[in-house]
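Please build the complete structure, drawing on both the sequences and the hints.
Going down the list, the protein sequences come from chains A and B. Numbering-wise (this note's numbering), the first sequence opens with residue 1 and increments by one. Numbering-wise (this note's numbering), the second sequence opens with residue 1001 and increments by one.
It should be emphasised that the hints constitute simulated quantities derived from the structure, not laboratory data. Treat the hints loosely; a few may be bogus.
[Unchecked claim] Derived DEER-like restraints, expressed as beta-carbon distance ranges:
id, chain 1, residue 1, chain 2, residue 2, range
1, A, Ala265, B, Arg1192, 33 to 41 Å
2, B, Thr1242, A, Pro113, 54 to 62 Å
3, B, Arg1192, A, Lys14, 56 to 64 Å
4, A, Ser259, B, Gln1119, 29 to 37 Å
Computed from a predicted structure; not experimentally measured. By construction, the Cβ of each residue, glycine as well, lies at the ideal position given by its N, Cα and C atoms.
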Amino acid sequence: MKRLINLTPTKPTKFLLGLLPFLIIFLIYLFASEARLAENATDKLLPGFMQMGEAIKTYALEASKRTGEYLFWEDTFSSLKRLVLGISIAAIFGFVLGLLTGAIPGLHAPFAPLLTVVSLVPPMALLPILFIVFGLEELSKVALIVIGVAPFIARDIQRCAQEIPQEQIIKAQTLGASSWQVLLRVYVPQLLPRLINAVRLSLGSGWLFLIAAEAIASTNGLGYRIFLVRRYMSMDVILPYVAWITMLAFLLDWILAKSSKKLFAWHHQ
Amino acid sequence: MNMPTPLIKANNLWKKYGSNVVLERLNLTVNAGEFITMVGTSGCGKSTFLKMLLGMEEPTSGKLLLDGKQIPNEPDQSRGIVFQQYSVFPHLTVLENVIIAREFEHSPFIGKLFGGKKQQVIDEAKLLLESIGLTAALKKYPHELSGGMKQRLAIAQALIRQPRILLLDEPFGALDPGIRADMHQLILKLWREHNLTVFMVTHDLSEGFYLGTRLWVFDKLRRDPHAPEAYGASITYDLPITRNKIMPTELQATQLQTTQMQEA
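So, in structure tokens, the structure goes:
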């Protein structure tokens, strides 16, 4: 018998083993839900999959009587818009800031300490300020994501820029490159896959800020909906919504990972 | 008859970091076309001198002249460099790694060429890469190349802007002995074909003897055992190397020391 640390499962076994916990959780839920429903058919805490399906059917396939919108898609669309907009602005802003402070010593000196301090401010604590300054509309929600994510991206890109070997920068200069050309052709292309990575890492907090902002002040969005129906203990809506948010998060992450592998094959050697 | 201006001249050159004297009283004259190899123990200042030639470091006092004028105080296309590693761009193919130099030259704003102009520099780069033995790898990325191929690429890069001075910082230190011998032939060929003046730092004394037309040994002339940083190194041997490449006996002893130190 080999040592435990040397036992490596084969590929199909690995896949099945990975599936196993999901299956177990599913079964546990199924049994628990059935048990509760058998005792009280109107139990709301652990709705059955039928009930959840019904609820989502109402939200996704039937127009709302009040507004005529399909709430599920409306929520998905507004939330994704806020998230993508916020993350994109944060990515662009963070990239430029990280690039400049990481590559140019004269900009590192005045801005790096500021950036470190700013990134330590808890973004959620700034939310009231954002509501006061930008109002309760879209802007403050997007701004929260930007403020929460941009400093992290900027610091990550800054660190990566400083990790590019000095030899390359000197080499570029001996090939006649100006500062601008060094930034454009040596730093930027090597930092782009790092940016994708930083965005992937920050999507988690992006969702957190989005749902928090929607929960506090909004009229639609995935976060708004689950906090709204909480009042009626509608677990049959909340649970599918959470699963849906998880799937969207997984999908975004997967798209980013795939496109990074495709666009920057040299980075993923 | 007028003496031609030497390519490189150092007048009483000193380099200090705070109170740490690295180089002291360096006086030398180098003419175009020489192949200078620099040896010495670690920390003896040979790399520092190379960095001064490159423009990365400035002398603390004294003068370092290129063509009779103060040497530029930052790297530029007049001096090519090959480091031991990390000096090729990992995000560019072999061909792109070489044409980027011409793109820097002809496209100041976007640093990229297109169409006919690009084809022109590609043709030029292909010729150079052929003479360096990289034709088969034009479309490969550096991580797909062996150590020797990477160094070939770094040399090709360094040559495309046709610098008069080529600086080599232990370029073959990480290569296998067989590949190193190939690289020696290559660098000698390129030195002759491109009329280069070469400065090469090496740990390997026999390599220094084999390649150079002139060998410098960096060492400290004065030592204070209680303050090892008080005195800097200088060039203790400046040997013209004749064709028969025989190592003087006093240096054979030095080489023995170096090998013993490396083994220790």
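Evaluation of the provided hints:
Checked against the given bound of 33 to 41 Å, the beta carbons of Ala265(A) and Arg1192(B), roughly 39 Å apart, stay inside it. In this structure the hint that Thr1242(B) and Pro113(A) lie 54 to 62 Å apart at CB holds, the actual value being about 59 Å. In this structure, Arg1192(B) and Lys14(A) meet the distance hint of 56 to 64 Å, their C-beta atoms being roughly 58 Å apart. For the hinted restraint 29 to 37 Å between Ser259(A) and Gln1119(B), the CB-CB distance of approximately 30 Å keeps it satisfied.
This entry satisfies every hint, going by the numbered hints stated previously.
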